[in-house]
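Using numbering that gives the first Met the number 0, you'd call the opening residue of the sequence shown number 0 and step up by one each time.
Hints are not guaranteed to be accurate.
Stated by the list, open to error - Straight-line Cα separation of at most 35 Å, DSBU-like style, residue types lysine-lysine; simulated pairs: (1) Lys105 <-> Lys53; (2) Lys10 <-> Lys119; (3) Lys88 <-> Lys10; (4) Lys36 <-> Lys53; (5) Lys53 <-> Lys88; (6) Lys88 <-> Lys36; (7) Lys119 <-> Lys105.
Just so you know, these hints were derived from the structure itself, not from any lab.
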Amino acid sequence: MSAANISGFSKLPDHIQNFLFYRHCRHFPMLLDMPDKCGGPEQSSDVFLLLVIKSSPENYERREVLRKTQRSEEMRLNGLLRAEQNENKDILQWDFDESFFNLTLKQILFLEWMERNCPKGRFVFNGDDDVFANTDGMVEYLQDLPKIMEAVIFTLALLKYITLRRAGDRAKMAAAFLVSDHKI
């Protein structure tokens with residue numbers, strides 16, 4: 000069904016209209032790419048743990064913290080992202096609107112990128128910029144896995160929320176990660 004045929008479409012909020020209009024689209028051009036981030040497809044077997052952190056363009060400070068601890072407005076943000084990409088060489092960006100409705104789309108586009116550019120990497124951590132990930136602990140855990148487990152895709156989710164209190168700031172953090180040799 001076309002979005003134009005949906006009764007009351009024009010009265011829906013913009014983000015709902017956007018979702019309905021583009022819901023069948025699955026391929027979006029990349030604005031920022033790092034095709035050699037894993038050393039190229041053939042060298043990607045050297046990648047033990049690929050960290051994938053989803054972040055909104057305006058969250059520069061969060062990305063900076065993650066890098067240090069873990070190794071028009073839209074046009075302005077794209078320019079800033081491009082400058083950040085030139086300096087850090089670690090940003091992937093696709094040309095679609097950021098929306099809660101696009102969570103699955105982000106995953107699909109990233110998995111396609113990974114299949115093209117990092118097909119032999121052993122594990123991937125998929126998180127958000129508001130979640131702290133103990134990467135040293137993850138690497139230690141993954142190195143101790145029996146070889147038989149490396150062929151299994153599994154998800155480990157911590158079911159408890161941890162309440163952090165810093166200078167009057169309360170933030171709830173949920174930690175979850177996907178570990179995979181991504182032979183999907």
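Hint by hint, here is what the structure shows:
{"no.": "1", "hint": "Lys105 <-> Lys53", "in the structure": "8 Å, holds"}
{"no.": "2", "hint": "Lys10 <-> Lys119", "in the structure": "47 Å, violated"}
{"no.": "3", "hint": "Lys88 <-> Lys10", "in the structure": "42 Å, violated"}
{"no.": "4", "hint": "Lys36 <-> Lys53", "in the structure": "16 Å, holds"}
{"no.": "5", "hint": "Lys53 <-> Lys88", "in the structure": "15 Å, holds"}
{"no.": "6", "hint": "Lys88 <-> Lys36", "in the structure": "8 Å, holds"}
{"no.": "7", "hint": "Lys119 <-> Lys105", "in the structure": "21 Å, holds"}
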